[in-house]
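Student: Now for the letters of each chain:
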Amino acid sequence: MRNEDEITTIVIHPHFEITTYIEEREKMGKTLVEKIWDAHVVKQQEGFPDMLYIDTHLIHEVTSPQAFDGLRKRGLPVLRPKQTVATADHNVPTLNQHLPIKEELSRYQVDMLTKNCKEFGVELYGLGHPYQGIVHVIGPELGITLPGKTMVCGDSHTSTHGAFGAIAFGIGTSQVEQVFATQCLLLQKPKTMKIEVNGELGKGVGAKDIILYVISKTTAAGGTGYFVEFAGSAIRSLSMEGRMTVCNMSIEMGARGGLIAPDQTTFDYIQGREFAPTGEEWDNAVSYWSTLYSDDNANFDAVLTFDAADIQPMITYGTNPGMGIGVTEIIPTTVSQPDNERPSYQKALDYMGFQDGEQVLNKPVDYVFIGSCTNSRIEDLRQVADFIKGKQKADSVEVWIVPGSKQVEAQAKQEGIDKIFEAAGFQLREPGCSACLGMNEDKIPAGKYCVSTSNRNFEGRQGPNARTMLVSPLTAAAAAITGKVVDVRELI
Amino acid sequence: MKKFEKLTSTVVPLPIENIDTDQIIPARFLKATTRDGFGDNLFRDWRYDSNNQPKSDFVMNNPTYSGKVLVAGKNFGCGSSREHAAWAIQDYGFDVVISSFFADIFKGNALNNGVLPITVPEEFLEKIFAAVFADATAKIEVDLEAQKVIIAATGESFEFEINPYKKSCLINGYDDIDFILSHSDQIQDFEKTRPFSYYS
Chain A
1 MRNEDEITTI
11 VIHPHFEITT
21 YIEEREKMGK
31 TLVEKIWDAH
41 VVKQQEGFPD
51 MLYIDTHLIH
61 EVTSPQAFDG
71 LRKRGLPVLR
81 PKQTVATADH
91 NVPTLNQHLP
101 IKEELSRYQV
111 DMLTKNCKEF
121 GVELYGLGHP
131 YQGIVHVIGP
141 ELGITLPGKT
151 MVCGDSHTST
161 HGAFGAIAFG
171 IGTSQVEQVF
181 ATQCLLLQKP
191 KTMKIEVNGE
201 LGKGVGAKDI
211 ILYVISKTTA
221 AGGTGYFVEF
231 AGSAIRSLSM
241 EGRMTVCNMS
251 IEMGARGGLI
261 APDQTTFDYI
271 QGREFAPTGE
281 EWDNAVSYWS
291 TLYSDDNANF
301 DAVLTFDAAD
311 IQPMITYGTN
321 PGMGIGVTEI
331 IPTTVSQPDN
341 ERPSYQKALD
351 YMGFQDGEQV
361 LNKPVDYVFI
371 GSCTNSRIED
381 LRQVADFIKG
391 KQKADSVEVW
401 IVPGSKQVEA
411 QAKQEGIDKI
421 FEAAGFQLRE
431 PGCSACLGMN
441 EDKIPAGKYC
451 VSTSNRNFEG
461 RQGPNARTML
471 VSPLTAAAAA
481 ITGKVVDVRE
491 LI
Chain B
1 MKKFEKLTST
11 VVPLPIENID
21 TDQIIPARFL
31 KATTRDGFGD
41 NLFRDWRYDS
51 NNQPKSDFVM
61 NNPTYSGKVL
71 VAGKNFGCGS
81 SREHAAWAIQ
91 DYGFDVVISS
101 FFADIFKGNA
111 LNNGVLPITV
121 PEEFLEKIFA
131 AVFADATAKI
141 EVDLEAQKVI
151 IAATGESFEF
161 EINPYKKSCL
171 INGYDDIDFI
181 LSHSDQIQDF
191 EKTRPFSYYS
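Chains A and B are the protein sequences, given in the same order.
Residue 446 in our numbering sits at position 446 of the first sequence; the count goes up by one each step and never skips.
Residue 131 in our numbering sits at position 131 of the second sequence; the count goes up by one each step and never skips.
Do not take every clue at face value.
[To be verified] Interface residues of chain B toward chain A, partial, derived using beta-carbon atoms under 10 Å: (1) Gly37; (2) Gln90; (3) Asp104; (4) Gly108.
[Unchecked claim] In silico DSS-like cross-links for lysine-lysine, where the CA-CA straight-line distance does not exceed 27 Å: (5) Lys389(A) to Lys484(A); (6) Lys192(B) to Lys35(A); (7) Lys448(A) to Lys484(A); (8) Lys192(B) to Lys189(A); (9) Lys148(B) to Lys191(A); (10) Lys73(A) to Lys55(B); (11) Lys2(B) to Lys448(A); (12) Lys139(B) to Lys73(A); (13) Lys167(B) to Lys43(A); (14) Lys167(B) to Lys82(A); (15) Lys55(B) to Lys6(B); (16) Lys191(A) to Lys3(B); (17) Lys35(A) to Lys203(A); (18) Lys2(B) to Lys167(B); (19) Lys166(B) to Lys43(A).
In case anyone wonders, no lab produced these hints; they're calculated from the structure.
Glycine included, each C-beta is placed from N, C-alpha and C at the ideal position.
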């Protein structure tokens, strides 16, 4: 139990404090992370990192070719090809996917994935396959993502899968090769942080606003070294799609990953999906998954608590995801930043073309991008469609909707959502990572403002000199209709 | 992996916080399928303008500064997990990156490629910047064995932390696969104990 006398305070940011608790681990229960971690340790040795077993390895075309090459050089196979799943997402066009990829290097990289998967016996949901899509969208929708698993992918947003109560995190290509060769990784056990968000969310405020708010408080580095468990009534009330949005962006506060204890909402989402367990296995699975929660007397290295009522629709104004404010708030002043951080802060505002002390509200918008592994699921598209039904996009704005997967796209068409988008002047494209990182031709032109449901507002992320403002799908839809940054609460 | 030797070098100072891997190597340069040649595009959009002309105000285009050590503001390497960032840094010729704080994934990627990330206190980082901005020929010594980073001009030093296993990997040029493969039997034994067929 926490002993209030033993609380120490570490200042991680002048505007915010994390309280940490001195630990007496021996007497303590286990956190959810510890339960899953400990169940996957193959070997533990003093002075060495833990050898952690990986249940599922997701791969894509960009971070895998050098790893396959490494296997060839060593003369090794993929140890467990059945625990490896591939898709093409980062580098694929979102128009005319039935035609050969025009850009030569992209085509080569996607072809290389096909060739590598064939050679090493890995299942590929490539272009043209009904399961193709963003790797972090297809894992959950196919029932590959399950509670209690360890999952990795050469992509930092692998944290998304934590929404199901899995330990899921991004890795580099050397580690992709390690998992190919051994199904294991050498890792230091991470510290654990609990972030509780309690209470009821206000009108027009959703999962994306929660996580942008949390990151604005912790800064983009506040979670580094930690695995974050999200808890509290506001988190519990979220759908699986919402929980995925929250866990997806835990990397943007620097965290190794984020996760949420599984519950009935989780089980209901999984049941019946393509690769989910069935029959007796399902019952056994659910009884095991029901043990996956942090014990009451578990000890976290850090605990943060927020009130859902304090959260309004969020928007970023700078060049890292920690630079976020409520949509009606003003951009913090440069002089309010710590001395040594002022040049970087000012550089960010200059890049965005914003003045400190002004509002982002009513700023004109050139592009709206609704997509990415953060917000491209059917629920996101439904929410946008509900809001814009019968409305028209502003003339000055170009709107791209990029579904997360072929299945999301098909579902949207089945529900008639595609017609609503079309009528509003929104372009519904084909699945892929698209303008989230501008690796294909979906780039925002230099100097233009893009209101985006993606996860990163880094300089040049959406194209050289493009300016990104991160928001929820609802706020993005409102920007598309009005052509400017607005408070969506006034329109619903 | 090449072995990490003791190193004495001038440094390239980059006093900017939260340098993300999209700055280190923008996504549009991730289309290669080998590990080579990423150094040409290291910090591409800070180094070159839209006409591919070098930007004179960027430190890497200033002939005054060069060396095998990159020194940067806190939270270096945040964002995308792309190992291409570590490859670009190495390919350009940096063996060491010093910052007051590294993002987790970048740190691991650097270590897996024989690039040493050294975390120093904010005050020590400021001292390095001060030394370099006072005299661009100021040198930094890095002694991995002793886990020491020294500002040669002033003799001020800091003893940095590194996982002992990773340290021995760097010094001996081993990688993790060599280590894990030497425990293959244990992996198979572990797999036999797993009760959940639905996990595979």
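Student: Holds or violated: are the alpha carbons of lysine 2(B) and lysine 448(A) at most 27 Å from each other?
Tutor: violated (44 Å)
Student: Is the interface hint for glutamine 90(B) satisfied, with its Cβ closer than 10 Å to some Cβ of chain A?
Tutor: Violated. Min distance 12 Å.
Student: Would you mind confirming whether the straight-line C-alpha gap from lysine 448(A) to lysine 484(A) stays at or under 27 Å?
Tutor: holds (13 Å)
Student: Is lysine 167(B) within 27 Å of lysine 43(A), Cα to Cα?
Tutor: Status holds; Cα separation ~20 Å.
Student: If you draw a straight line from the CA of lysine 55(B) to the CA of lysine 6(B), is it 27 Å or shorter?
Tutor: Between lysine 55(B) and lysine 6(B) the Cα gap is close to 33 Å, so the pair fails against 27 Å, i.e. violated.
Student: Given the hinted pair lysine 73(A) and lysine 55(B), is their alpha-carbon gap at most 27 Å?
Tutor: Judged against 27 Å, a Cα distance of about 39 Å means the pair is violated.
Student: The hint names glycine 108(B) as touching chain A; please verify it with the least Cβ-Cβ distance against 10 Å.
Tutor: Because about 6 Å separates glycine 108(B) from the closest Cβ in chain A, which is inside the 10 Å limit, the hint holds.
Student: Taking 10 Å as the limit, does the beta-carbon of aspartate 104(B) come near enough to a beta-carbon in chain A?
Tutor: Constraint on aspartate 104(B) satisfied, holds at 5 Å.
Student: Would you mind confirming whether the straight-line C-alpha gap from lysine 192(B) to lysine 35(A) stays at or under 27 Å?
Tutor: holds (19 Å)
Student: Check whether the Cα positions of lysine 148(B) and lysine 191(A) lie no farther apart than 27 Å.
Tutor: holds (26 Å)
Student: Does lysine 167(B) lie within 27 Å of lysine 2(B) when you go C-alpha to C-alpha?
Tutor: holds (13 Å)
Student: Measure nothing beyond the straight line between the CA atoms of lysine 35(A) and lysine 203(A); if it is 27 Å or shorter, mark the hint as holding.
Tutor: Measuring from Cα to Cα gives roughly 36 Å; hence the hint is violated.
In this structure, the earlier hints numbered 1, 2, 10, 11, 12, 14, 15, 16, 17 are contradicted, and the remaining ones agree with it.
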